[in-house]
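Engineer: All chains, full assembly: derive it from the sequences and hints.
4 protein chains.
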Amino acid sequence: MIGVGVIGYGYWGPNLARNFAENVGARLVAIADRHEARRALATRRHPLAAILSDGLELIARTDVDAVIVATPVRSHFDLTMAALQAGKHVLVEKPLADSSDKATGLASEARARGLTLLVDHTFIYTGAVGCIREMARSGELGDLYYYDSTRINLGLFQPDVSVLWDLAVHDLSIMDDVLGQHPTAVSAHGISHVEGHPVNLAYLTLRFPGRLIAHLHVNWLAPVKIRQTLIGGSKRMIVYDDLEASEKVRVYDKGITLKDAEDGASIYKMVAYRRTGDMIAPRLNMTEALEVEAEHFLRCIRGEEAPRSGGDQGVRLVRILEAAEQSLREDGRWVSLV
Amino acid sequence: MIGVGVIGYGYWGPNLARNFAENVGARLVAIADRHEARRALATRRHPLAAILSDGLELIARTDVDAVIVATPVRSHFDLTMAALQAGKHVLVEKPLADSSDKATGLASEARARGLTLLVDHTFIYTGAVGCIREMARSGELGDLYYYDSTRINLGLFQPDVSVLWDLAVHDLSIMDDVLGQHPTAVSAHGISHVEGHPVNLAYLTLRFPGRLIAHLHVNWLAPVKIRQTLIGGSKRMIVYDDLEASEKVRVYDKGITLKDAEDGASIYKMVAYRRTGDMIAPRLNMTEALEVEAEHFLRCIRGEEAPRSGGDQGVRLVRILEAAEQSLREDGRWVSLV
Amino acid sequence: MIGVGVIGYGYWGPNLARNFAENVGARLVAIADRHEARRALATRRHPLAAILSDGLELIARTDVDAVIVATPVRSHFDLTMAALQAGKHVLVEKPLADSSDKATGLASEARARGLTLLVDHTFIYTGAVGCIREMARSGELGDLYYYDSTRINLGLFQPDVSVLWDLAVHDLSIMDDVLGQHPTAVSAHGISHVEGHPVNLAYLTLRFPGRLIAHLHVNWLAPVKIRQTLIGGSKRMIVYDDLEASEKVRVYDKGITLKDAEDGASIYKMVAYRRTGDMIAPRLNMTEALEVEAEHFLRCIRGEEAPRSGGDQGVRLVRILEAAEQSLREDGRWVSLV
Amino acid sequence: MIGVGVIGYGYWGPNLARNFAENVGARLVAIADRHEARRALATRRHPLAAILSDGLELIARTDVDAVIVATPVRSHFDLTMAALQAGKHVLVEKPLADSSDKATGLASEARARGLTLLVDHTFIYTGAVGCIREMARSGELGDLYYYDSTRINLGLFQPDVSVLWDLAVHDLSIMDDVLGQHPTAVSAHGISHVEGHPVNLAYLTLRFPGRLIAHLHVNWLAPVKIRQTLIGGSKRMIVYDDLEASEKVRVYDKGITLKDAEDGASIYKMVAYRRTGDMIAPRLNMTEALEVEAEHFLRCIRGEEAPRSGGDQGVRLVRILEAAEQSLREDGRWVSLV
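Chains as they are written, first to last, in this note's numbering: chain A, 1 to 338; chain B, 1 to 338; chain C, 1 to 338; chain D, 1 to 338.
For the record, the hints were derived by calculation from the structure and aren't laboratory data. Careful: at least some of the hints might be erroneous.
[Said to hold, decoys possible] Below, in silico cross-link-like pairs of lysine-lysine (BS3-like), each with a Cα-Cα straight-line distance of 25 Å or less:
#: 1; chain 1: A; residue 1: Lys225; chain 2: B; residue 2: Lys225
#: 2; chain 1: A; residue 1: Lys225; chain 2: A; residue 2: Lys259
#: 3; chain 1: B; residue 1: Lys235; chain 2: A; residue 2: Lys225
#: 4; chain 1: D; residue 1: Lys235; chain 2: A; residue 2: Lys225
#: 5; chain 1: B; residue 1: Lys225; chain 2: A; residue 2: Lys259
#: 6; chain 1: A; residue 1: Lys235; chain 2: B; residue 2: Lys225
#: 7; chain 1: C; residue 1: Lys225; chain 2: D; residue 2: Lys235
#: 8; chain 1: C; residue 1: Lys225; chain 2: D; residue 2: Lys225
#: 9; chain 1: D; residue 1: Lys225; chain 2: C; residue 2: Lys235
#: 10; chain 1: B; residue 1: Lys225; chain 2: C; residue 2: Lys225
[Unchecked claim] Computed list of chain D residues with no C-beta within reach of chain A, every gap over 12 Å:
#: 11; residue: Tyr11
#: 12; residue: Arg18
#: 13; residue: Arg34
#: 14; residue: Asp78
#: 15; residue: Ala86
#: 16; residue: Gly105
#: 17; residue: Ile191
#: 18; residue: Glu247
#: 19; residue: Leu258
#: 20; residue: Gly277
#: 21; residue: Arg316
#: 22; residue: Arg329
#: 23; residue: Arg333
#: 24; residue: Trp334
#: 25; residue: Ser336
Since we're looking at a predicted model, the values are computed, not measured. Where a beta carbon is used, it is the ideal one built from N, C-alpha and C, also for glycine.
Structural biologist: What follows is the structure, encoded as structure tokens:
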């Protein structure tokens, strides 16, 4: 049984704690949070776990084999590095760190020590993304044309990072998982609507080799919540709406046809883009993503599986975020990723 | 009674012809189209109108007081100029022309001759846009934060222009009508997925004075039709979905609140963005936009109203489209509009 | 070319007139309506047709081979009978007549004279109902369990009949077309909310041989328009939503499984009803139903096809409506249909 | 601090246990379930609670002040009566009991002993139903015309009761809470599609004094989950959709207008039902209903509030269910409730 400790019991930490508490292969032995009120809540929910105020104290415990880091981004590096250096496996909230240097440092440290480092890119553990991945990788979609996502939100601003690090990272992780290719450059536009706060609305364009383009729209200041992704291919197209209760993924049989047209003077090719078959909403595995991810993390620790969202993926995504921030500062200039 | 002639009886022309045929202030006297099959259809529907193959012949008729130009973009200038020079009022399909020089030429010609020149920016004649305009102009929305629109389509590619000239022009006309301010620069990214054809997927970002940003996503190669616009203001936000049957405009009472938060070490301002009131879907005038527009055109001719989408607006939008095309060619470089 | 005359140019008549005017096999020769304003509109739209105030005059014209009756229900019998007796083919608005005796009289008259009598049960000419019919008749759905429909409306009350004759008749025609079996009894509950007016809200339950049940909810006084039908079978289930733009028919692979369960004391069979496969929205023929129906009527007249919604179907539906009205008056008592 | 024990840790019990465990006014001291696997799960989640196999043993514990009964319907009476007789307050799953005699017995026992008896009619503790109640009770809706609900499901059949006791009871509790009047008779139609199992699809019609009618459609064998309620009044109408994320309640300003119409021969009153104002989706309290209900139960025990869903309501609803079952057996005969 693997002893698990959770640092950070704010918004997301409780979900991680609950999933490890219910996994029969783990024992939730400790929870750390700086805030009194959160510790009180953790005590009510997990009365057998040690409830601490200091993350380093948690890391030092001998009954903790694996550390879950669910704190704000700026503390990811210190806590994760401390845990790795103490010989603990780590599952860390996304993004892996607030700079690519730090991210690389963590990935290297884990590799050098033979420890599991997993980044909590939750979405790739959903049935929906698994299904999309299979279709994209198997060639069912044909040549990939575009990945277009709108991920807009209402609620709290993150205090220390722009909306890119909070929302765009989800799409970057999904793209990394399903597309089978990596972007070569990024351009970003954005704006801050609250004096003295980071960018809360941003548009990212990502260039790929070939004819694939990706675009992300992220916004903390939206009237409604939208989670909609369109993936266009030469043979089929997907609409993925994470807020749909049961038909999250819809696959459309559409295709381009060319025909001769005539315009009085000249003959030219008309391009028609039409539905050529049915729409299918595949049956999806509806297991909670965090349950799948927790089990995967434990299997990685036991050497039964290799990390699907390991340090390498974490580094790749932080690099893109860093380049996008740079493009934001330079007014949309393309920043190379290769 | 104003004698009306329609040039171009393809996709949109029949709707214009029908609306003038039913307006009691007009008489549909002639229709011209190059294609035999379209002329046959026009004959069945409007048996009293003269059905011609040549637009110039239609312009020359003495019973034609006003000409409707509903042909592909590349012929807008020649036909509209010929009509104006023959002393006819003109309602021309959007966009006004395929270059800003030509557009300016048409606007000047109409002004010089005291003729009505109206551009068919249909959406601004809908009850929905009228309602949004009132809220934006009256200050009900507060400071404007963003205009974000997704207008994606399936169907025929336009043979002679990119998706910008076909779809983005709709949003540019709505923005011109409701925002009360004009963009100062544009950046565009896009891609063509069909060899030898113009860009079919594009993203436009528009910069304004102050903190307003606009962004348009247009795509001819989408699995589903979407017409969704978000307009964010400091006091209220709007979701405008043109495909909704009755609640096309939804107004959200949302606002930003700041509160002190504390993070162990430091104290900082938390930004929360929350719903502070009800959502309201205002009752809209549901009259068909083309009916309103046809009546407006006739009133302008009779000197009873001034054009809401006249030559000046037509020129402004073509300038933006031209700049956006240039930005597309230069890989997203900001092109100034002032 | 078949000469067509339309009696009644109110809400629905213009759609019928337009479709026959555009069909190359027909010539719209006359339109009759009692109201001045409607005649004026008809004149603008169909300037070559004779515009009359009297339906009987239209029937008497020698250039009229086929009569379209689009008047209120109470005049269906007189006009249709007059037309048949004048040797004209008839397409009559639903329902065929306001009593089963009259309906039977019309069906007999048409049969005796060898004339085409078609009832305008528009929905059965849609691609959606055609697709459902194929699935139901081919056994793809398995044993039929239920047909449940909500058809609620806002707008004008019909002056002379209850909501049953206006709205429920649509579902009865769809059921007649797709189910392949006829109901044996009907029970109806309803209420009138406007003093002195017929029932505006009603619930019909229909009994069939075997385990099939049907239920209709019709309402003129609803806040929103709903057109939703659920068809349950032992192998598959259908959701048919006529207001959906493109995915009007959705087919769900669902099935019942039984498993032993244990409850401390006893062992019993648990029934689980679950999704066992994908959801499919079949590609549908999107041709306007009235266009299909107009063409079908002309082919029936030319002896090329047999009526899909002929006098016999018209009689069956009127019998059900009559029995349902009786059940309404008798507070829901089952009224036999056999 | 009130000691709480939960009997039944199946589908719903865990939600009740969690809400009491997190309420600072309560202590979750014991959980009982007959099934080994459920006890194991309870142990993981609530390690400090006593985990038992026998409900009576839980009732007997001196640290248990209040008992939550979350078992199948057939055992509600025995367990609740035993708890009351042991002097414990009880919160019991809906419906209160499987017969009105038993329900009455429980209500009397609680009254006689001065103990709190609350029935878990969860929906009335939602912000949505609270908002509807306020509008209906304040006269904002005008005269009530109808309550129409579709509550259809997929998943497990209840082994011991028909779909009425599982699903219709929710609507009956909402109606009891919001309408301010009680039905006088019920008629029910239904059918069982699985040999040897209770009715899985039913339609209930409820008669009220005046012009109000209610109708419920409940179904365990549906392809999709629907939770849609329409409430019609003379001044306003409500659409309540519990599956909507944020706009669960929509209020429509609609009204009936009468105008003279003329039909050639006669003059009659036309009834038009139209939108007369905006649609408003009021801001709702989004607190989890069970959290509100748990707090309410504890306050009732402490004498701070009176039960909103107490024994009397429980008895009223069971009487309706019983009458509806009788009507089902007698083929839809109206069964009086007064």
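Engineer: Against this structure, judge whether each hint is valid.
Structural biologist: Checked hints:
1. At most 25 Å may separate the alpha-carbon atoms for a hinted pair to count; A/Lys225 and B/Lys225 meet this at roughly 19 Å.
2. Pair hint A/Lys225 plus A/Lys259 does not hold up; C-alpha atoms about 41 Å apart against a cutoff of 25 Å.
3. At most 25 Å may separate the alpha-carbon atoms for a hinted pair to count; B/Lys235 and A/Lys225 meet this at roughly 18 Å.
4. Simply put, D/Lys235 and A/Lys225 have alpha-carbon atoms about 32 Å apart, too far for the 25 Å limit, and the pair is violated.
5. Restraint check for B/Lys225 and A/Lys259: the C-alpha separation of about 23 Å stays at or below 25 Å, so the hint holds.
6. Note on A/Lys235 and B/Lys225: the hinted pairing holds, with a Cα-Cα distance of about 18 Å set against a maximum of 25 Å.
7. For the suggested pair C/Lys225 and D/Lys235, the alpha carbons sit about 18 Å apart, so the restraint of at most 25 Å is met.
8. A C-alpha spacing of about 19 Å is found between C/Lys225 and D/Lys225, which places the hinted pair at or below 25 Å, so the restraint holds.
9. Using a Cα cut-off of 25 Å, the hinted pair D/Lys225 and C/Lys235 holds, with the two alpha carbons roughly 18 Å apart.
10. Taking the CA atoms of B/Lys225 and C/Lys225, the gap is near 22 Å; set against the 25 Å cutoff, the hint holds.
11. For D/Tyr11, the condition that its CB be more than 12 Å from all CB atoms of chain A holds, with the nearest at approximately 16 Å.
12. Not every CB of chain A lies more than 12 Å from the CB of D/Arg18, the least distance being 9 Å, so the non-interface label is violated.
13. Listed as a non-interface residue, D/Arg34 keeps its Cβ farther than 12 Å from every Cβ of chain A; the least gap is roughly 21 Å.
14. For D/Asp78, the non-interface assignment is confirmed: its Cβ lies about 32 Å from the closest Cβ of chain A, beyond the 12 Å cut-off.
15. Residue-level check passed: D/Ala86 sits 27 Å from the nearest beta carbon of chain A, beyond 12 Å.
16. Listed as a non-interface residue, D/Gly105 keeps its Cβ farther than 12 Å from every Cβ of chain A; the least gap is roughly 37 Å.
17. Every CB of chain A lies more than 12 Å from the CB of D/Ile191, the least distance being 25 Å, so the non-interface label holds.
18. Interface exclusion of D/Glu247 from chain A breaks down, the closest Cβ pair being 9 Å apart, not more than 12 Å.
19. Interface exclusion of D/Leu258 from chain A stands, the closest Cβ pair being 39 Å apart, more than 12 Å.
20. The claim that D/Gly277 lies off the interface holds: its Cβ sits roughly 21 Å from the closest Cβ of chain A, which is beyond the 12 Å cut-off.
21. Every CB of chain A lies more than 12 Å from the CB of D/Arg316, the least distance being 33 Å, so the non-interface label holds.
22. No beta-carbon of chain A comes within 12 Å of the beta-carbon of D/Arg329; the shortest separation is about 35 Å.
23. Listed as outside the interface, D/Arg333 is consistent with that label: its C-beta sits roughly 38 Å from the nearest C-beta of chain A, beyond the 12 Å cut-off.
24. No beta-carbon of chain A is positioned within 12 Å of the beta-carbon of D/Trp334; the least distance is around 37 Å.
25. Residue placement check: D/Ser336 keeps its beta carbon more than 12 Å from all beta carbons of chain A (closest about 40 Å).
Violation of the numbered hints given earlier is confined to hints 2, 4, 12 and 18; the remaining hints are satisfied by the structure.
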